[in-house]
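When you get a sec, could you build the whole thing from the sequences and use the hints?
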Amino acid sequence: MIARLTLRDVVFLAVVAACLLAISFLIVPLVIAIPIPGIRSLAPSPFYGLLLAVALLKVRQPGTLFVVVSLVGLVLLMMAWVMFAVNVIAGALAELIVLAVFRSYQRNEAVLLAAGLYMPLTVLVSLGIGAVVGGPTIAQFLMNPWLIVPVLGATALLSFIGAWAGLRLGQELRVAGVLRA
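Just so you know, we're using the numbering used here here: the sequence shown kicks off at 1 and counts up by one.
It cannot be assumed that every hint is accurate.
[As the list claims (entries may be wrong)] Listed below are the simulated SDA-like cross-link pairs for lysine to any residue, each with C-alpha atoms no more than 20 angstroms apart in a straight line: (1) Lys58 to Arg168; (2) Lys58 to Ser104; (3) Lys58 to Leu71; (4) Lys58 to Met143; (5) Lys58 to Phe102; (6) Lys58 to Ala14; (7) Lys58 to Phe84; (8) Lys58 to Cys19; (9) Lys58 to Gly128; (10) Lys58 to Val132; (11) Lys58 to Leu147; (12) Lys58 to Ile129; (13) Lys58 to Leu179; (14) Lys58 to Leu173; (15) Lys58 to Val151; (16) Lys58 to Phe25; (17) Lys58 to Ser70; (18) Lys58 to Ile27; (19) Lys58 to Gly153; (20) Lys58 to Val15; (21) Lys58 to Glu109.
FYI, nobody ran anything at the bench for these hints, they're computed from the structure.
Bear in mind the structure is a predicted one, so any value in this text is a computation, not a measurement.
In structure tokens form, the structure reads like this:
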């Protein structure tokens, strides 16, 4: 699934992963006390969409999204295995969906879909893992979809807005000669 990446590509993807982690570490503590499932994915979703779109525009190879989210997940693994699992599973699902539809990242629509789809999938995967591991607390939230659906919709909206902005930013950077494939 992962294509050949050059050292330059891997370093760029690692820098993107580090930026995603820095953004998460700044934003998520602001919303961590709010007891709504998925709120931790909602807050950083536009930034994830933006940076993932730029990464996918730079490295247009299958497996790029999975590499970035796996690097993020490896750092999160030091805090909790669940965060690692959520990142890796959501990244793999987003990658598989996009590659099943577009077969590559050569089209901008594929980049937009992959970057926008990742964060909403983290909400769904975390709810799925939480239902298996979390017990009755998560089951209460799953019985009330009116709590989950708005957060999922807002996460998807913000993520796709961020991905669209990242697509525009990446195109401008490419025209300026800063972002070369």
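Exercise for the section: Determine which of the earlier numbered hints do not hold for this structure and return their numbers in increasing order. Expected result: 4, 7, 9, 10, 11, 12, 15, 16, 18 and 19
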